[in-house]
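Trainee: For reference, the chains in residue letters:
There are 2 protein chains.
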Amino acid sequence: METLFDPGLDLALERMIEAPPRALWACWTRPDLMEQWFCPVPWKMTDIDLDLRPGGHFRGVIRGPGGEAMPNVGCYLDVLPERRLVWTDALAGGYRPKPEPFMTGIITFEPAPGGTLYRAMVLHADAEARAKHEAMGFHDGWGKATDQLAALARRL
Amino acid sequence: METLFDPGLDLALERMIEAPPRALWACWTRPDLMEQWFCPVPWKMTDIDLDLRPGGHFRGVIRGPGGEAMPNVGCYLDVLPERRLVWTDALAGGYRPKPEPFMTGIITFEPAPGGTLYRAMVLHADAEARAKHEAMGFHDGWGKATDQLAALARRL
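As they're listed, the protein sequences go chains A and B. Residues -14 to 141 in the numbering used here are what the first sequence spells out, letter by letter. Residues -14 to 141 in the numbering used here are what the second sequence spells out, letter by letter.
The set of hints was computed from the structure by calculation and includes no laboratory data. These figures come from a predicted structure and were not determined experimentally. Any given hint could be a false lead.
To be verified - Taking lysine-lysine and the BS3-like style, the derived pairs with C-alpha atoms no more than 25 Å apart in a straight line are:
(1) K129/A - K83/A
(2) K29/A - K83/A
(3) K117/A - K117/B
(4) K129/B - K83/B
(5) K83/A - K29/B
(6) K29/B - K117/B
(7) K29/A - K117/A
(8) K129/A - K117/A
(9) K83/B - K117/A
Stated by the list, open to error - Between beta-carbon pairs, the in silico distance windows are:
(10) R140/A - R68/B: 23 to 33 Å
(11) E119/A - R44/B: 21 to 31 Å
(12) K129/B - D(-9)/A: 34 to 44 Å
(13) P27/A - D32/B: 44 to 54 Å
Yeah, the Cβ is synthetic: ideal placement off N, Cα and C, and Gly gets one too.
Just chain A, same shape as in the assembly:
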């Protein structure tokens, strides 16, 4: 797969995590584990239903402390167990287009001494979408979620 990270369009996060790729992969692919870390508390992802294969759907509901409930729907594109997971919200299950595409996520898990070099790249269509995502709190939000992910993975 081409990896075309463009700093003018995309956002990224990189972290050394003291847990093996196997544990991080489980956190990304088991609904019971995803619920525990995917959104920064007090937000939470619930009702997670995933079909982990290229063309398979991802569905969940992001719930906020004030009763907010936002559906989150996407499609897996590349599934390489314990190494790489790619999905997009530009498509739904079965590769069906969606009306308002926003991002593609590319997560890689690279074995490293003492754990995993964890990388998340988020691709956008244009600089406006990138700026919107940054203003929505990408760095803080994904940073906190990654803290939660690391803490959970270390306990597995």
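Fit chain B to the given chain A structure using the hints.
Mentor: Positioned in the frame of chain A, the structure of chain B alone reads:
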């Protein structure tokens, strides 16, 4: 892959073609052949550049008899030689989202006595996009292009 054809959202074309899947696959994947059939004459696709693998780009320019020139950009999603080809214009190369997604195409080539059962399914996000595509002349346009495809494939 899930194949979720929905008659309220999608469009399809099915044809028995007297040419083997190998020849039809070549017509879909070799730029020099694609140029010869992909648009109904007097329209033509030129400047075709394709990276035939999941996540690879498809680029071309659709040119009309009055000097029209419309770029056509997409991303391959599923590439199963001589059996199935899936791409979408909701993404560009490297799975990057695009601003105005319209369709995903799923082409299947099924060996049959004397040739190939050829199927094209086009998935849309909603009924409005389907109606727009139908009004743009889907049946006539894809029908004529498929006549051109069949004539070319029979000569290979």
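Trainee: Starting from K129/A, check that the Cα of K117/A is at most 25 Å away, please.
Mentor: Distance ~19 Å between K129/A and K117/A Cα, so the pair holds.
Trainee: Would you mind confirming whether the straight-line C-alpha gap from K117/A to K117/B stays at or under 25 Å?
Mentor: violated, 30 Å
Trainee: So does R140/A sit 23 to 33 Å from R68/B, Cβ to Cβ?
Mentor: Between R140/A and R68/B, where Cβ atoms are some 44 Å apart, the hint is violated.
Trainee: Keeping to a limit of 25 Å between CA atoms, is the pair of K129/A and K83/A held or broken?
Mentor: violated, 28 Å
Trainee: Starting from K29/A, check that the Cα of K117/A is at most 25 Å away, please.
Mentor: Roughly 21 Å separates the two Cα atoms, so the pair holds.
Trainee: Holds or violated: 34 to 44 Å for the Cβ distance of K129/B and D(-9)/A?
Mentor: Holds, since K129/B and D(-9)/A (Cβ atoms, about 38 Å apart) stay within the stated range.
Trainee: Would the hint linking K83/B and K117/A be met if the CA-CA limit is 25 Å?
Mentor: Roughly 15 Å between the alpha carbons, so the hint for K83/B and K117/A holds.
Trainee: Does K83/B sit within 25 Å of K129/B, going by the straight-line distance between their CA atoms?
Mentor: violated, 28 Å
Trainee: For K83/A and K29/B, compute the direct alpha-carbon distance and say whether it is at most 25 Å.
Mentor: Violated: K83/A and K29/B sit about 28 Å apart, past 25 Å.
Trainee: Does the beta carbon distance between E119/A and R44/B stay inside 21 to 31 Å, or does it fall outside?
Mentor: Since the Cβ atoms of E119/A and R44/B sit about 29 Å apart, the hinted range of 21 to 31 Å holds.
Trainee: K29/A and K83/A were given as a pair; does the straight-line alpha-carbon distance stay at or below 25 Å?
Mentor: holds, 23 Å
Trainee: Taking the beta carbons of P27/A and D32/B, is their distance inside 44 to 54 Å?
Mentor: Holds - the Cβ-Cβ distance for P27/A and D32/B, about 52 Å, lies within 44 to 54 Å.
Hint compliance for this structure: hints 1, 3, 4, 5, 10 are broken, all remaining hints hold.
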